[in-house]
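S.K.: Its first residue numbered 1, the sequence shown is counted upward by one per residue in the working numbering.
What the hints contain is simulated information worked out from the structure, not anything from laboratory work. Watch out, some of these pointers could steer you wrong.
Taking lysine to any residue pairs in the SDA-like style, the calculated list, with each CA pair at most 20 angstroms apart, reads [as the list claims (entries may be wrong)]:
1. Lys5 - Lys113
2. Lys73 - Gly21
3. Lys81 - Met98
4. Lys113 - Leu50
5. Lys75 - Ser85
6. Lys75 - Val20
7. Lys81 - Leu50
8. Lys5 - Leu29
9. Lys69 - Val20
10. Lys75 - Glu13
11. Lys69 - Ser89
12. Lys73 - Gly22
13. Lys113 - Asp6
14. Lys81 - Ile100
Pair ranges (Cβ atoms, derived) [to be verified]:
15. Ile118 - Ile54: 37 to 43 angstroms
16. Ile53 - Glu13: 25 to 31 angstroms
17. Gln47 - Leu95: 28 to 34 angstroms
From the three backbone atoms N, C-alpha and C, an ideal C-beta is built for every residue, glycine too.
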Amino acid sequence: MQKLKDLYHKHEEIVNYLIVGGLTTVVSLASYYLCVFTFLDPNIGWQLQLANIISWVCAVTFAYFTNRKYVFKSKEKNMLKEASSFYASRVVTLLMDMVIMFLLVTVLHGNDKIAKIIVQIVVT
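Build out the structure end to end from the sequences listed, making use of the hints.
M.R.: Okay, here's the thing in structure tokens:
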């Protein structure tokens with residue numbers, strides 16, 4: 001058990017980053033599915049994209065706070081500046097998500113739930 005603890009402490013940042021990344025994926029999928037199962041219709045293009053945007057905001061917000069605390073242990077006082085940089089660095093993932101979902105669901109008429117999982121794999 002001690003060897004496992006030592007290994008964890010040696011690679012703590014990487015292990016925590018992987019755990020937070022996995023949980024961020026869960027948040028993204030859960031928030032998307034919640035949107036499309038409750039109040040948004042993924043068969044309507046703009047509602048599909050709205051579900052994507054809500055999902056992205058939830059996931060990136062979760063990722064920011066958990067990475068800040070558990071991965072990077074940030075002491076930055078200016079959280080607004082730090083958060084702005086964090087969100088800005090992830091805008092490309094939102095654009096990728098929207099384009100791939102548009103192609104797979106709107107253009108090719110694929111299943112949006114499966115498409116969202118595919119998007120998560122590609123974006124990751």
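S.K.: Hint by hint, say whether it matches the structure.
M.R.: How the hints compare with the structure:
1. Pair hint Lys5 plus Lys113 does not hold up; C-alpha atoms about 38 angstroms apart against a cutoff of 20 angstroms.
2. Between the alpha carbons of Lys73 and Gly21 the distance comes to roughly 16 angstroms, so the proposed pair stays at or under 20 angstroms and holds.
3. Taking the CA atoms of Lys81 and Met98, the gap is about 26 angstroms. The hint is violated against a cut of 20 angstroms.
4. Using a Cα cut-off of 20 angstroms, the hinted pair Lys113 and Leu50 holds, with the two alpha carbons roughly 15 angstroms apart.
5. For a cut-off of 20 angstroms, the pair hint linking Lys75 to Ser85 stands: about 15 angstroms separates their Cα positions.
6. At most 20 angstroms may separate the alpha-carbon atoms for a hinted pair to count; Lys75 and Val20 meet this at roughly 18 angstroms.
7. Distance hint between Lys81 and Leu50 is unfulfilled; the C-alpha atoms sit about 26 angstroms from each other, more than 20 angstroms.
8. Between the alpha carbons of Lys5 and Leu29 the distance comes to roughly 31 angstroms, so the proposed pair goes past 20 angstroms and is violated.
9. Taking the CA atoms of Lys69 and Val20, the gap is about 11 angstroms. The hint holds against a cut of 20 angstroms.
10. Between Lys75 and Glu13, the direct Cα distance comes to roughly 15 angstroms. Compliance with the 20 angstroms bound is thereby established for this hinted pair.
11. For the proposed pair Lys69 and Ser89, the alpha carbon gap of about 18 angstroms is at most 20 angstroms, so the pair holds.
12. The hinted pair formed by Lys73 and Gly22 meets the criterion: a straight-line CA distance of about 18 angstroms does not exceed 20 angstroms.
13. Between Lys113 and Asp6, the direct Cα distance comes to roughly 40 angstroms. Violation of the 20 angstroms bound is thereby established for this hinted pair.
14. Between Lys81 and Ile100 the alpha-carbon distance is near 30 angstroms, which puts this suggested pair outside the 20 angstroms criterion.
15. A hinted range of 37 to 43 angstroms is violated for the C-beta pair Ile118 and Ile54, which are about 19 angstroms apart.
16. Between Ile53 and Glu13 the C-beta distance comes to about 30 angstroms, which sits within the given range of 25 to 31 angstroms.
17. The hinted range of 28 to 34 angstroms is not satisfied by Gln47 and Leu95, whose Cβ atoms lie roughly 18 angstroms apart.
In this structure, the hints that do not hold are numbers 1, 3, 7, 8, 13, 14, 15, 17, in rising order.
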